[in-house]
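J.: The primary structure of each chain is shown beneath.
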Amino acid sequence: MKESIEKLKKAHKLLKTFEYELKEVNRGYTDRTLYINLSDNTIKSKPVTQEMKDKFIGGRGFGLWYLWNAVTGNTKWNNPENEIIISTGPIGGTTQYPGAGKSLVVSLSPTTGTVVDSNVGGYFGPLLKFAGWDAIEIQGKAEKDVIVFIDGNNGKVTIEEAPEEAVDTHILIEQLTEMYADSEEDKRNISVVSSGRAAEHTLIGMLNFSFYDPRRKFVRIKQAGRGGIGTVFRDKKIKALVVKYAGVKGDTNKPADKDTINKLGIKMHKEIHDLDDMQNSMRKTGTSYLVKIMNDYDLLPTHNFKFGSHPEAEKISSAEWKKWFTVTKTDGCWYGCTLACAKTVDVYELKTGPYKGQKVCVDGPEYETIAGVGSNCGIFDPEYILECNFYCDTYGIDTISFGTLTAFVMECYENGIINKEITGGLELNFGNKEAAMELLHQMGRGEGFGLIAGQGVRRMKKIFAEEYGADPDFLQDIGMEAKGMEYSEYLPKESLAQQGGYGLTNKGPQHDEAWLIFMDMVNNQLPTFEDKAEALHYFPMFRTWFGLNGLCKLPWNDIVPEDNARTDEPAKVPEHVQNYVDLFSAVTGKKITKEELILQSERVYNFQRVFNLKMGFGTREHDRIPYRSAGPVTVEEYESRADRYDKQLKELVGFDPEGKSTEEKVKVLRKYREEQYQKLCDAVYKRRGWNENGIPTLETLKRLGIDYPDVVEVVKKHL
Amino acid sequence: MILKTKPELCTQCGQCEKVCSRVWFKEENPEKSAIRVNSKGDGVLINVCNQCGECIEVCPTEAIYRAKNGVVRIDKEKCVGCYSCVGFCPTMSMFFHKDVQEPFKCVACGMCAKECPTGAIYLEK
Ligand code: SF4
Ligand code: SF4
Ligand code: SF4
Numbered sequence: 001m002k003e004s005i006e007k008l009k010k011a012h013k014l015l016k017t018f019e020y021e022l023k024e025v026n027r028g029y030t031d032r033t034l035y036i037n038l039s040d041n042t043i044k045s046k047p048v049t050q051e052m053k054d055k056f057i058g059g060r061g062f063g064l065w066y067l068w069n070a071v072t073g074n075t076k077w078n079n080p081e082n083e084i085i086i087s088t089g090p091i092g093g094t095t096q097y098p099g100a101g102k103s104l105v106v107s108l109s110p111t112t113g114t115v116v117d118s119n120v121g122g123y124f125g126p127l128l129k130f131a132g133w134d135a136i137e138i139q140g141k142a143e144k145d146v147i148v149f150i151d152g153n154n155g156k157v158t159i160e161e162a163p164e165e166a167v168d169t170h171i172l173i174e175q176l177t178e179m180y181a182d183s184e185e186d187k188r189n190i191s192v193v194s195s196g197r198a199a200e201h202t203l204i205g206m207l208n209f210s211f212y213d214p215r216r217k218f219v220r221i222k223q224a225g226r227g228g229i230g231t232v233f234r235d236k237k238i239k240a241l242v243v244k245y246a247g248v249k250g251d252t253n254k255p256a257d258k259d260t261i262n263k264l265g266i267k268m269h270k271e272i273h274d275l276d277d278m279q280n281s282m283r284k285t286g287t288s289y290l291v292k293i294m295n296d297y298d299l300l301p302t303h304n305f306k307f308g309s310h311p312e313a314e315k316i317s318s319a320e321w322k323k324w325f326t327v328t329k330t331d332g333c334w335y336g337c338t339l340a341c342a343k344t345v346d347v348y349e350l351k352t353g354p355y356k357g358q359k360v361c362v363d364g365p366e367y368e369t370i371a372g373v374g375s376n377c378g379i380f381d382p383e384y385i386l387e388c389n390f391y392c393d394t395y396g397i398d399t400i401s402f403g404t405l406t407a408f409v410m411e412c413y414e415n416g417i418i419n420k421e422i423t424g425g426l427e428l429n430f431g432n433k434e435a436a437m438e439l440l441h442q443m444g445r446g447e448g449f450g451l452i453a454g455q456g457v458r459r460m461k462k463i464f465a466e467e468y469g470a471d472p473d474f475l476q477d478i479g480m481e482a483k484g485m486e487y488s489e490y491l492p493k494e495s496l497a498q499q500g501g502y503g504l505t506n507k508g509p510q511h512d513e514a515w516l517i518f519m520d521m522v523n524n525q526l527p528t529f530e531d532k533a534e535a536l537h538y539f540p541m542f543r544t545w546f547g548l549n550g551l552c553k554l555p556w557n558d559i560v561p562e563d564n565a566r567t568d569e570p571a572k573v574p575e576h577v578q579n580y581v582d583l584f585s586a587v588t589g590k591k592i593t594k595e596e597l598i599l600q601s602e603r604v605y606n607f608q609r610v611f612n613l614k615m616g617f618g619t620r621e622h623d624r625i626p627y628r629s630a631g632p633v634t635v636e637e638y639e640s641r642a643d644r645y646d647k648q649l650k651e652l653v654g655f656d657p658e659g660k661s662t663e664e665k666v667k668v669l670r671k672y673r674e675e676q677y678q679k680l681c682d683a684v685y686k687r688r689g690w691n692e693n694g695i696p697t698l699e700t701l702k703r704l705g706i707d708y709p710d711v712v713e714v715v716k717k718h719l
Numbered sequence: 001m002i003l004k005t006k007p008e009l010c011t012q013c014g015q016c017e018k019v020c021s022r023v024w025f026k027e028e029n030p031e032k033s034a035i036r037v038n039s040k041g042d043g044v045l046i047n048v049c050n051q052c053g054e055c056i057e058v059c060p061t062e063a064i065y066r067a068k069n070g071v072v073r074i075d076k077e078k079c080v081g082c083y084s085c086v087g088f089c090p091t092m093s094m095f096f097h098k099d100v101q102e103p104f105k106c107v108a109c110g111m112c113a114k115e116c117p118t119g120a121i122y123l124e125k
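Here the protein sequences come in this chain order: R and X. Counting with full-length UniProt numbering, you get residues 1 to 719 for the letters of the first sequence. Counting with full-length UniProt numbering, you get residues 1 to 125 for the letters of the second sequence.
Derived by calculation from the structure, the hints in this document are not laboratory data. Any given hint could be a false lead.
No more than 16 Å apart at the CA atoms, straight line, and that leaves these computed lysine to aspartate or glutamate pairs for EDC-like [as the list claims (entries may be wrong)]:
1. K329/R - E31/X
2. K98/X - D257/R
3. K98/X - D259/R
4. K76/X - E185/R
5. K249/R - D99/X
6. K249/R - E62/X
7. K32/X - D259/R
8. K270/R - E54/X
9. K258/R - D99/X
10. K329/R - E54/X
11. K263/R - E31/X
12. K263/R - E77/X
13. K76/X - D251/R
14. K78/X - E185/R
15. K144/R - D235/R
16. K217/R - E62/X
17. K98/X - D251/R
18. K249/R - E77/X
19. K263/R - E102/X
20. K254/R - E31/X
Required output: the full structure, derived from the provided sequences and hints.
T.: Shown next, in the form of structure tokens:
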């Protein structure tokens, strides 16, 4: 290993060195950002202003602000002026409170064309801050593959041409960790951001963020999956970003009030210690516990979101994963995350592809991957899921988009919209795991039908209609994308609030804004439009806040205090909300309330909505959802839940289903449900302070203090 | 090596807490002691690490280890002050204080036992 690493390193060509003064963090901020332009190898330090901190807080907020200033309404994802911005946030890097090491990545997305944000674990964001930078902002495009190395102990940034390292993540991260660490002990001070070969051939590329696991003795990864940022990364010819910082301590983030943070953190550790086994068992099986729950409640996407459960779901539930996972008691993606959901399968022997026969470690699978590449494609084979998970990761592909688009392709194939000739021989029926696997390898090699599928559902709909004569309306109904992003893996059909939770998002249908299915459908806590609108205001705002601060959402409600059910609003987990209020105040020294917490998010959220407008999106028409996410498209789907739908027709629509054909019932139900969704939009827009076209009003911008001239100018065109 | 207790003999004089903090932190401050004496119902609870080793497994940096003499110890160099070990100690015998970055616990040095007037604490090999 040593020798080969030396050889790789020798091949590096130094393009630029930038030396900087080391600087301690102060109350969660370093007050400067590292700007890099790869077209001309500029490296410079930019100040973080008080205004930025007040209005945009950090993390995703900083990313949006920098990107807004970098691009025009005409910028495309592959123009040099597009940026990738990575930032944690003021709380990020705290070691005491579980889930405080996230990085937020912002860029213009290849699939949606507008701004996208992604939240990811691994050590990069915190180490970057401790190295002296609140954010890294990368613009321009390199000519040849480069590595950017930030040495946080010696105050040096280099851009190095790196021709010989692997592109695929599982090899590259080992090479670079070995290369930049001084010793075995030093490895934990390195974090690498990388993608993989398929990110070069598709639009659904993602980024891997690494961290070294001293117990397993190998480098592990977490993914910034959504929106194709890996594709932007490879288009900029970035092979990797590497940060190194040795010396993380409990107070490296230099909070204003360390004592409070200690107490909050320990309270959470104890809560997790006492209750996790009785609640979600995250420490033992990670998020895989969700498979069974979703299946039981008819919410597990199956066969391209047609159905919500499957008799074989048991085969891919946490009981199965328990057999595979190598659980340690420290499976956190940053220090101090005792919820420890980052599970791995330490030794898995690959059966296909370029690494066939090799024994590898698979990071995951997480719930979204299991449901996406598994049940949604009608595949209930744990080994396929592992194989697919591994290759998606190392190739740099988002498992959620891959799963959802493969399910779409499969339904098209079964409907004769595409055939073997078009797929180059792949028999893409539901459940055909060999074909699905080959599709993924085609994306890796950049050939065949993989090139078409890798464009994502939105573009496939266009290609299938224009080139193969498919019915565009049907494709629109079953193609599970909105705003150009593939749906994440929850069946929203029977919960109107969740349809809004997916449709009324800023970046596209990703459940990280709102997950209201249980509140709405199971517990019936949101009976009126106003109730739903209130939830679709509060929860997206509340959840946005995690991304401003470098936090993970899971320790908020995947563990709850013992008495949570007896509080006024159990869905909000009031005690944890208070923890976050106190945590923010303790880190920054700026006292906030829970109302101000929401206000902080609202500001950034509305700014992002306006950003969408700037990019030509963000109006009512773009909040449209495919009908499959709102109700049964086909006779088959209707009949799978005929009792429920018949009852609804009778009781809610006032239509007697007796003796009517299923086709007719589908039509009547559809009309009703589509109207409901539109009414929901009206209610939500009103609650969010937007006009009937979904545009934030000038009063709203003013109230939030983001009525900057260029923001107002964008909005004015639409008022 | 392990520090054992006989709470029924303890008069809650607090001598052990003073000794411990003096030995390890050069000040007499019960909040910086690795042994804590509290009332519990009618009796006394002497809270001190029993060297069970649970905390070794939850430390993300492998800073906690069992030394040759059986005592569970913390390598301060490796510790990142996350306090996972504090929250996960079954008997809450891992302590913290805002002045110190790393948590602390009983390392069975036996200094407190030497000065305990009633023999309520003693070192067992
Ligand atoms: S044995 Fe030593 S470390 Fe433990 S309580 Fe006594 S004096 Fe403190
Ligand atoms: S500190 Fe707690 S967990 Fe660690 S060895 Fe002592 S009693 Fe066990
Ligand atoms: S506080 Fe230090 S010794 Fe305790 S678990 Fe965290 S890193 Fe390990």
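J.: Work down the list of hints and note, for each, if the structure agrees.
T.: Hints, verified against the model:
For the hint pairing K329/R with E31/X, the CA-to-CA distance comes to about 28 Å; that exceeds 16 Å, so the pair is violated. Only pairs whose Cα atoms come within 16 Å are accepted, and K98/X paired with D257/R is accepted, the gap being roughly 9 Å. Of the pairs offered as hints, the one joining K98/X and D259/R holds, with about 5 Å between alpha carbons and a cut-off of 16 Å not exceeded. A threshold of 16 Å between alpha carbons decides the hint, and for K76/X with E185/R the separation of about 14 Å falls inside it, so the pair holds.
Proximity of K249/R to D99/X is assessed by CA-CA distance (about 13 Å); at most 16 Å being required, the pair is judged to hold. With a C-alpha separation of about 14 Å, the suggested pairing of K249/R with E62/X holds against the 16 Å cut-off. Proposed proximity of K32/X and D259/R is supported: the alpha carbons are some 14 Å apart, at most 16 Å. For the given pair, K270/R sits about 14 Å from E54/X by alpha-carbon distance, which is consistent with the 16 Å threshold.
Distance restraint check for K258/R and D99/X: the Cα-Cα separation of roughly 9 Å lies within the 16 Å cut-off, and the hinted pair is therefore satisfied. Taking the CA atoms of K329/R and E54/X, the gap is about 10 Å. The hint holds against a cut of 16 Å. A hinted pair counts as satisfied when its Cα atoms are at most 16 Å apart, and K263/R with E31/X qualifies at roughly 14 Å. With a C-alpha separation of about 22 Å, the suggested pairing of K263/R with E77/X is violated against the 16 Å cut-off.
For the hint pairing K76/X with D251/R, the CA-to-CA distance comes to about 14 Å; that is within 16 Å, so the pair holds. Taking the CA atoms of K78/X and E185/R, the gap is near 9 Å; set against the 16 Å cutoff, the hint holds. Annotation: proposed proximity of K144/R to D235/R holds, straight-line Cα distance about 10 Å (limit 16 Å). Between K217/R and E62/X, the direct Cα distance comes to roughly 12 Å. Compliance with the 16 Å bound is thereby established for this hinted pair.
Of the pairs offered as hints, the one joining K98/X and D251/R holds, with about 10 Å between alpha carbons and a cut-off of 16 Å not exceeded. With a C-alpha separation of about 9 Å, the suggested pair K249/R and E77/X falls inside the 16 Å cut-off, and the hint holds. Distance check on the hinted pair: K263/R and E102/X sit about 14 Å apart at the alpha-carbon level, within 16 Å; holds. A threshold of 16 Å between alpha carbons decides the hint, and for K254/R with E31/X the separation of about 23 Å lies outside it, so the pair is violated.
Going down the numbered hints, you'll see the structure goes against 1, 12, 20, while the others check out.
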